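Engineer: Here is what each chain is made of, one letter per residue.
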Amino acid sequence: MEEKQQKAAGAAGLFGAAAPFLLGLVIALAFGWWLFPGLLFSEKQQPVAFSHKTHLEDAGQSCADCHFLREDGSFSGLPPTEACASCHSSAIGESRAELDYVENYVERGKEVPWLVHQKQPDNVFFSHAAHSQAFCATCHVEFDPEDEENKPDALCSVCHLPVEELDKQVAYRENRLTGYSKTTMKMARCESCHANPNHLGATNSNNACYTCHK
Amino acid sequence: MGFDRRAFLKFAGGAGAGIAVSPLPWKLLDDVSIWSQNWSWIPANPRGETTYELTTSKLCPSACGLKVRLTGGMPVRALGNPDHPLGGGLSALAAAEVQLMHSPARVKTPLRRDSGGNFIPIGWEEAEEALAGGLDAAGADIACVSGDETGSGLDVLSAFLGERGSDKLYLMPSEAQSAARAWRLMGGSGQPGYDLESSDFILAVGANVLESWGTFIRNRRIFAAARPHGEEPERGFVYAGPVQNNSAAVADSWIPLKPGSELIFILGLAAILTQRGLSAAAPDFASFREMLAGFDPQKVYALTGVSPQTLQNTAAALLRADRPLVLAGSECNQGGGAAQILAALALNLLLGGRCLRDIPLARPVLPAAEGRQEVQNRDLVAYMAQKPNPQALILYEANPVYALPDPESAAVALRNTPFKVSFSAFMDESSALCDLVLPMPLGLERLDDIESPYGCGKVFYALSRRTLETADTRHGMDILLRLSAGRGGLPASYREVLEARSAALGADHSALEAGEVFEAKAPAPGRLMLLPEILNRAAESKNSVISLALAPVQKIALGTAQTGIPPFNVKTIRGNELSGAEMSIFINSATAYSRGLREGDRVRLAGKHGEIRARVLIFEGIVPDAVGVPMGFGHTALDVFSRNKGANATELFTATPEAGTGFTLWNQIDVSIVKI
Amino acid sequence: MSAEHKEFRIKWGMVIDLDKCTGCGACMVACQAENNLAPTPDASNKKKVMNWLVVYELTNGKAFPAHEVAYLPRPCQQCGTQPCASVCPVVATEKNEEGGIVSQIYPRCIGCRYCMAACPYHARYFNWLDPVWPEGLDKVISPDVSVRPRGVVEKCSFCHHRFMKAKDKARVEKRDIFELEDGEYVTACAEACPNGAIAFGDLLNPGHKVSALAESPHAFRLLARLGTDPQVYYLSRRDWVRAQGDNRLAEEITRG
Amino acid sequence: MLKGKFLPLDSELLPEGSERCSLSKFILWLLPIGLLLLWGLYAAFKVLANGLGVTGLDDYFGFGLWITFDLAVIALGAGAFFTGLLRYILNIDPLKNIINLAVIVGFICYSGAMLILVLDIGQPLRAWFGYWHANVHSMLTEVIFCITCYCAVLVIEYIPLILEQRQLDRIPLIRHLAHNFHVFMPLFAGIGAFLSTFHQGSLGGMYGVMFGRPYAFREGFFIWPWTFFLFVLSAVGSGPLFTVLIASLMEKITGRKLVSWEVKSIMGKIAGTMLSVYIVFKLLDTWWWMTDTLPSRAGLTFDQMFYGWIYGKWLMFLEIIICGLLPCVILLKKSLRERVRLFYAAALLDCLGIVINRYVMTVQTLAQPVLPFDSWATYVPNWVEWAASILVIAYGAFLLSLSYRYLPIFPQEAALNRDCGSLGLPGRGS
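Protein chains in written order, with this note's numbering: chain S, 303 to 516; chain L, 816 to 1491; chain G, 13 to 268; chain Z, 86 to 515.
Everything labelled a hint here was simulated from the structure, so no lab data went into it.
Just so you know, these numbers come straight off a predicted model, no measurement behind them.
All C-beta atoms in this analysis are idealised placements derived from N, C-alpha and C, irrespective of residue type, glycine included.
One or more hints might be untrue.
Cut-off 25 Å, straight-line C-alpha distance, at most; resulting in silico cross-link-like pairs (DSS-like, lysine-lysine) [to be verified]:
id, chain 1, residue 1, chain 2, residue 2
1, S, 355, S, 516
2, G, 60, S, 412
3, S, 488, L, 842
4, G, 60, S, 355
5, G, 181, S, 421
6, L, 842, S, 484
7, L, 882, G, 60
8, Z, 418, Z, 354
9, S, 516, G, 74
10, Z, 354, Z, 337
11, S, 516, G, 60
In silico negatives: residues of chain G with every beta carbon more than 12 Å from chain S [stated by the list, open to error]:
id, residue
12, 60
13, 61
14, 69
15, 71
16, 103
17, 156
18, 181
19, 185
20, 232
21, 239
22, 265
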């Protein structure tokens, strides 16, 4: 009899009794899903307000003027100040960004500490030579730089930001714990191709650890 | 509803459940492990374009060729350069050369000793003033010791001293000087050259040709070229010496010799060869042959421990060869005396001398400078024995307090000198006793030159080049030239000296600066004397009875007297060579048995002046009644990689004048061993 | 649970001529500089000293004057049947890539050291503490090999990064990355040795000299009878040196 | 309730019908244990903060005291699963009187081993890779899976014991829960037995598969080397007796009878039986290893597996004959088994033998030079390794003390001590 009463009371007050639980649940979910990701990443701005669009469209440069494969197979990455200074030995425009750049880096002979969105840690070896447009385009026509349908850097944009369209820089978000860029490739992304059986025969690559680690 | 304990528990439960199904714990779990891959206190890889610069090692005595790898303009590796005439691989020292630029033993700023006896860092202006003041006060009573024997720095030093009225320029003792002395006595003009490339049989007597003798990286490349992997060698190689050292390990055979008996062994071979009818076109050949009659195999056996049979076999092997070459030297590249080199050169002449060269040395490019021969002819050890007390002493990349025989008396001499300055890249034992220490750039940080290092077979000239700008070093030669301010016709900068040297040799200086090497064929020697009288007198002095002979062993992995043990090379020391601070000396089991010693026993080895302590290692690759002592340990200055490791073998060295040649030598050292 | 044996089109191998090795240590120094092994002020406890490549001293055990000495450089043997990779619980080490180099992935390794226990060659080393470079020396870290933190195992990789770079060079020159010329990819130790004692190349490529050398009657491999199938070969014309390549029973020795 | 006695301050928390010492005495007892715990925690902190360089381990002995300790406690903790198997699956009813203790000892052993493992791996932050990036070919993967899962099973088995605590038991929900747990115990016992068999075996397999280490390498059946089976058998041949030894030690300390001789004797008989099976196979295995595996696979002889005093043959003799055959004989022959001193001697020898076995398989395996030009290496653990191992022992003592004082883990306790109680013998310890 007593037991029955208890049960009834429990059923009636179910919501009331569970309220603290639900409250905790909701707060935790909100924290875990919304607040936490924001807290985990810090936001940084590039040291120089560089515009790819200006360089491509106004100055008529091509991507490969700065980003190219060297003869030894390594990738040039970002140009050193010395290379930029071949045009910007003194300011050629009027923008504040350029003036700052010339003053702070060219004149002082310093390298710009660019924040690289796709920066990989020391233990990763990424070969730009192995992921060349010409090679990937043998199967993936959408990456063929010769094809006028495609953007010239369609393959690059698979991993990198579509910088040629960007006039303004995208904020760099860094994981406070790991120091990784939020937009960099993690291993699962590499494996989406490397572990894909279709790739194995065609590309001479495989998913062995040493394919990408050093 | 109050927020009681029960409610709180429910809240906590809900929060726990919520967190668990949110990304938080899982993302953190993942990120924490990623964090562990990139700890901020672990050094990061440099990034940047890889470039290479060719140069020649000024630091390694082999003068091997280097290909320096730079990343983003920063040198990161020293690689070998197979196209370099003295290159084709690396010595254990050259392999560490880039790292040595950042060694903790480097002198980072000019240092002056204050009244309290401590070093204080000073600026360059003050340093150069102090140098000028100290030297000016000494007037003409200045002596200088140079550890660099191949560079034009010698010209500058000589001219600098000469301009001040001093001729006391000395070289740290080396094989090159003994050889030069012998060569001069025989009537040679430049320095003896050895065309190893064309020889088909090499007999190395005492000379550790594959580790430390001469241009040893080139020697090794030549050795390797004649030995295809796993096949019968195309060129014979026999090593004779007291210890089964690195050269002996790969020789076709090892002929054990009593320490210091190299001369007798060579004369024994010469005796057999003259009996077989070989002769040399020397004016004194007849008396030479006569003198050799006294070196019959039995006598040679008594003095060297080499059986008559082995002696005959070795002579036969030399006879069989078309272009044999006999190289004599001392294991540790010093103290072997001139007579044994003289004897080896004579033996080569008997054998036709087809691989001998007379390498001309460029004339001094500074009017006031002496020739290299004159400098080589001076004997630093003999000078020190006179207990001179110059008013000022310049140490130029020299560390006599560590490297001279009886280093303690060198230290005393240094202490008694009123003003002493050290031009050194490293804070070595000698620098530590100086009043002024001026940091030198290393070979990879400075423009300097290397001319025909001893052992090479051609005229050789190369420049070391600057691969890294180092902020606070200055080339000592530039300082001295600045100090001279044009007096005595001295140029303003060292570069001008080097350019003049290139011009004198007919070499393209700018190509040399880009890493190219100048080479020119050296002529065969002219008519040389065999000097039997000198040889005989030197040989007769070898009769002294030695109870336990010292057999030093040099390994280039342990660096030079200046560098100490490079940081990366500490790991190359074998476990049985050094344990903590205690090093091993080695004797064979017969020697151990006769002296009641066992492996691991702690012993005291005593020479005439000093003593060292070590542990006994039984090693069968050493002749009886001899004790092997590794060189390169026992540093008391430099850095943690060199300090507090074993004892300095030079403590045991006792220099004596060599009968006949008058040069000092220290290759027959009697030591006592006592268990402690 | 025996280790699997994979076959590859190319198989990087080393043939070390012990009759040419003087034991000078240049290979060890080059290896440390190339692969960013931190120096240590006191290296006398050899059981705690990190050295991907160790030069052992071999002796014929005879008294003077019959004594002979030889030196044996020991890199990772890159076994065909690996005692190590099969036991790793987290796939931090494997042999899975063309070339047959046994990989070691530092960010994956949890540091259980099972692989070290399993390796009979002592080719594996553990980072007992965080590596310490004396101030300034950390500036000459080489760019190609990541620096390992404490708590992970490491070993000789046959300078795998040089293989990667050689492949990239071949790629930009539009050549087959699996048909590298002899000498296009060599390890730092092979490159440093002035005696040319270490030959390196593709054991399966007849154009590479190691492929013939491995067949030499003087060739042997360390502990071959354990079934590890190493990719490192040694050469010696001296019987006593070859005899030290493996454990042999008394009756086998008398049989010769 | 016992009349005419001072009741401890925390008497309301004590199991019903039990007699416990005063709270202050109990705290006094915990004090030295706590100090040892702190010492161990300091060592653990040093390892986690600085790295394993602070231990006496080195590149030759990547495994040392800790792995030996882990393997030993996991083997000795096998009392939990094996007693559970006998009690719940095979329904050997008298074992209900010791099963609780077996579970607690098992839990201590396993959780302690995991604690040591966290210290022993170089990158504890990556410990979860064992699941996420598992290499299914590795014996260690199986060990990681089974040990953690089985540790969870032990937690589940431990929970109802905690729930039976006097005060908790008053809450109906908890009483309900505890009862339901009990209903499912056979299921967990089954899962536990399955997991345990595998990881005990895999621990042996870890060594047996090391074909580069002739001292450890064994041929086997399918993918399992003989050591797989030997480790399982040796664990069940010693674990139950370890539980008995712990029970007897507790009796000694508390001065109260906790488990009847009959139960102990049954445990002894069962363990003895398993031990005898083990020893037979161990002898066969050793013989085969000596005459076939070693010479044919490694080119080494039996004599070459031993060195000097420290790795001498006496260890093997002690392990197999003195600590194997001898306890077998004692435990299997009723007349001998019933002699208390002999029984305990046999139990101690049995456990010692298993510890030696785990030690030689770990350390001697690594000490033996496989390269012909290498030499024997020696290993001496340093204080950090000892302190961390003692940490686990202290933690075990702590947990057992609490469990004994507050949980009704010995069903026979009240009955066995009724006479003593009337004689006025106080319960001394915790």
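Engineer: Now look at each hint and say whether the structure bears it out.
Structural biologist: Cross-check of the supplied hints:
Using a Cα cut-off of 25 Å, the hinted pair residue 355 of chain S and residue 516 of chain S is violated, with the two alpha carbons roughly 35 Å apart. The suggested pairing of residue 60 of chain G with residue 412 of chain S is violated, with an alpha-carbon distance near 42 Å, which exceeds 25 Å. Restraint check for residue 488 of chain S and residue 842 of chain L: the C-alpha separation of about 13 Å stays at or below 25 Å, so the hint holds. Pair hint residue 60 of chain G plus residue 355 of chain S does not hold up; C-alpha atoms about 56 Å apart against a cutoff of 25 Å.
Simply put, residue 181 of chain G and residue 421 of chain S have alpha-carbon atoms about 22 Å apart, close enough for the 25 Å limit, and the pair holds. Of the supplied pair hints, the one linking residue 842 of chain L and residue 484 of chain S holds, its CA atoms being roughly 13 Å apart against a limit of 25 Å. In summary, the hint linking residue 882 of chain L to residue 60 of chain G is not supported, as the alpha carbons are separated by about 32 Å, beyond the 25 Å threshold. For the hint pairing residue 418 of chain Z with residue 354 of chain Z, the CA-to-CA distance comes to about 9 Å; that is within 25 Å, so the pair holds.
A distance of roughly 45 Å separates the Cα atoms of residue 516 of chain S and residue 74 of chain G; the hinted pair therefore is violated under the 25 Å criterion. For the hint linking residue 354 of chain Z to residue 337 of chain Z, the alpha-carbon distance of about 22 Å falls within 25 Å, and the restraint holds. Among the hinted pairs, residue 516 of chain S with residue 60 of chain G is consistent with the structure: their alpha-carbon atoms are about 24 Å apart, no more than 25 Å. Distance check for residue 60 of chain G against chain S: the nearest CB is about 24 Å away, which clears 12 Å, and the non-interface claim stands.
Remark: the non-interface label on residue 61 of chain G is consistent with the geometry, its nearest Cβ contact in chain S lying 23 Å away (cut-off 12 Å). Separation of residue 69 of chain G from chain S is adequate, the least Cβ-Cβ distance of about 32 Å exceeding the 12 Å criterion. No Cβ of chain S comes within 12 Å of the Cβ of residue 71 of chain G; the nearest lies about 37 Å off, and the non-interface call holds. In this structure residue 103 of chain G is not separated from chain S by more than 12 Å, as the shortest Cβ-Cβ distance comes to only about 7 Å.
A beta-carbon of chain S is positioned within 12 Å of the beta-carbon of residue 156 of chain G; the least distance is around 6 Å. Taking the minimum C-beta to C-beta distance to chain S, about 4 Å, the non-interface status of residue 181 of chain G is violated against the 12 Å cut. For residue 185 of chain G, the condition that its CB be more than 12 Å from all CB atoms of chain S is violated, with the nearest at approximately 8 Å. With a closest Cβ-Cβ approach of about 27 Å to chain S, residue 232 of chain G is found to remain outside the 12 Å limit, as its non-interface label requires.
Annotated as non-interface, residue 239 of chain G keeps its C-beta farther than 12 Å from every C-beta of chain S; the closest such distance is 23 Å. At roughly 40 Å, the least C-beta separation between residue 265 of chain G and chain S is larger than 12 Å, which holds for a residue marked as non-interface.
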